[in-house]
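A.B. asks: Going line by line, the protein sequences match chains A and B. So the first sequence is residues 1 to 205, counted in this note's numbering. So the second sequence is residues 206 to 410, counted in this note's numbering.
Read the hints as simulated data drawn from the structure, not as lab findings. Bear in mind that the values here come from a model prediction, so they are computed numbers and not experimental data. We treat Cβ as the ideally placed atom computed from N, Cα and C, and that holds for glycine. There's no promise every hint is true.
[To be verified] Subject to a maximum C-alpha distance of 25 Å in a straight line, what follows is the list of computed DSS-like cross-link-like pairs (lysine-lysine):
id, chain 1, residue 1, chain 2, residue 2
1, B, Lys336, B, Lys364
2, B, Lys261, A, Lys23
3, A, Lys23, B, Lys228
[Claimed, not checked] Computed footprint of chain B on chain A; a stretch qualifies when at least three of its residues, placed anywhere within it, have a C-beta under 8 Å from a C-beta of chain B:
id, stretch
4, 4–11
5, 51–65
6, 82–94
[Claimed, not checked] Sample of chain A residues with no beta-carbon within 12 Å of chain B, all distances over it, derived:
id, residue
7, Thr25
8, Glu40
9, Ala136
10, Asp151
11, Tyr156
2 protein chains.
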Amino acid sequence: MELPSRYLREAVEQLSTLPGIGKRTALRLVLDILKRPEDEVARFSNAFMTLKSEVKTCQKCGNLSDSIICSICADPKRDHQTVCVVEDLRDILAIEATTMYNGVYHVLGGVISPMDGIGPEELNISALLDKIKTDAVNEVILALNTSMEGDTTNFYLYKKIQPFNIKVTTITRGISVGAELHYADEISLGRSLSQRIPFETTFEF
Amino acid sequence: MELPSRYLREAVEQLSTLPGIGKRTALRLVLDILKRPEDEVARFSNAFMTLKSEVKTCQKCGNLSDSIICSICADPKRDHQTVCVVEDLRDILAIEATTMYNGVYHVLGGVISPMDGIGPEELNISALLDKIKTDAVNEVILALNTSMEGDTTNFYLYKKIQPFNIKVTTITRGISVGAELHYADEISLGRSLSQRIPFETTFEF
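Construct all of the structure, not just a fragment, from the sequences and the given hints.
C.D. replies: In structure tokens, the structure reads:
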């Protein structure tokens, strides 16, 4: 695809660096941008520079924030003795949307993945261990995604947290609420069975 | 979805102005951008400003270009008496990729679509009529997409070009080369039949 302008080529190339956006889609998007008035394009363009220069990482939990301590870590009404470990910001948004959790978070920034060159040192793990000590944390909830890498990371964290002699839990997995058994995938249904809980504990919902 | 940073919000909002990109996808893309080094983000961001300020519209055909006359219009080896009318740049790329066309193009910039507030005045039509006069054009090929709007525009152009008493053609439509008849859609197969051509004319391919 030989584009008739190098500025067009550059814009297409830059947009197609985004995950899941190919050259054809990028061209369609670039033609859309080109049709906009100059001030709109400036606003579009500036958003990314400002993003990079202004967004901060919360010093306590690693969440993205406009200040050095995020609003959740700064909230005295939250339970700072309970820490939920997640991969990234989107998991926090998902958990917050349930309105079922009042503890704080810890964002790892990924999971251990030797294939991608991500070892424990690349993740926000030592800050978690520091927090356990200084904030007298009494429960760590592991809420990483279930994948080979997620499971490895869970186990690594478990081993690191064990010496502190605090509760380490993980979110339950099973078939979705409302899902029909005969449509469920075998792994989820299997977990639902093997991790079955006393019926009385479901009364509180 | 309450994002913890307004700069993050702004970047997500800007990306989701692109057609086909929702808020969730935008957030995924923004988190990817945020992980990049500052110079890469600057290059990404600048690409769109430069795009808007540097890309020009060819004065002869309306194609996008780095100069005021595009490379196709400036090429003396092309047949300037044959003009192929297309909707936008992507159609030129598609036709150029066939290497079967040596004429020049004329980019309308859209099709007549009263529902979207696009009338003939919004399109690059008067420049086409001027070109027919000044360049002694002897054939106009209509290659707009087949839609209600495309057909309307074809007919409008045909009426406007008719007084010049030159050949007006349109690209053939039919089932794709290699497509099996029993899988083809009825409209394409119908056109293939109703617009059938003498068998001898296919020898030249």
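A.B. asks: Are the Cα positions of Lys261 (chain B) and Lys23 (chain A) separated by 25 Å at most?
C.D. replies: holds, 21 Å
A.B. asks: Is it correct that the beta-carbon of Tyr156 (chain A) has no partner in chain B closer than or equal to 12 Å?
C.D. replies: holds, 22 Å
A.B. asks: Is the listed coverage of the stretch 4–11 of chain A by chain B valid when you require three or more residues with a beta carbon under 8 Å from a beta carbon of that chain?
C.D. replies: holds (count 7)
A.B. asks: Check the hint pairing Lys336 (chain B) with Lys364 (chain B) against an upper bound of 25 Å on the C-alpha distance.
C.D. replies: Holds, at about 16 Å.
A.B. asks: Hey, is Glu40 (chain A) genuinely clear of chain B, shortest beta carbon separation above 12 Å?
C.D. replies: Its Cβ does come within 12 Å of chain B, the nearest being 8 Å, so this is violated.
A.B. asks: Examine each Cβ of chain B, and state whether all of them lie more than 12 Å from the Cβ of Thr25 (chain A).
C.D. replies: It is violated; Thr25 (chain A) is separated from chain B by about 8 Å at its closest Cβ, not greater than 12 Å.
A.B. asks: For the stretch 82–94 of chain A, do three or more residues have a beta carbon lying closer than 8 Å to a beta carbon of chain B?
C.D. replies: Our answer is that it holds, as 5 residues pass the Cβ test (under 8 Å) against chain B, meeting three.
A.B. asks: At a Cβ distance under 8 Å, does chain B reach at least three residues of the stretch 51–65 of chain A?
C.D. replies: This one holds; 9 residues, not fewer than the three required, reach chain B with a Cβ under 8 Å.
A.B. asks: Regarding the assertion that Asp151 (chain A) does not contact chain B, is the least Cβ-Cβ distance greater than 12 Å?
C.D. replies: The claim stands: Asp151 (chain A) keeps its Cβ more than 12 Å from every Cβ of chain B (closest is about 23 Å).
A.B. asks: Check whether the Cα positions of Lys23 (chain A) and Lys228 (chain B) lie no farther apart than 25 Å.
C.D. replies: Roughly 21 Å separates the two Cα atoms, so the pair holds.
A.B. asks: Would the non-interface assignment of Ala136 (chain A) survive a Cβ cutoff of 12 Å against chain B?
C.D. replies: Its Cβ never comes within 12 Å of chain B, the nearest being 25 Å, so this holds.
Checked against the numbered hints above, the structure breaks hints 7 and 8 and satisfies the rest.
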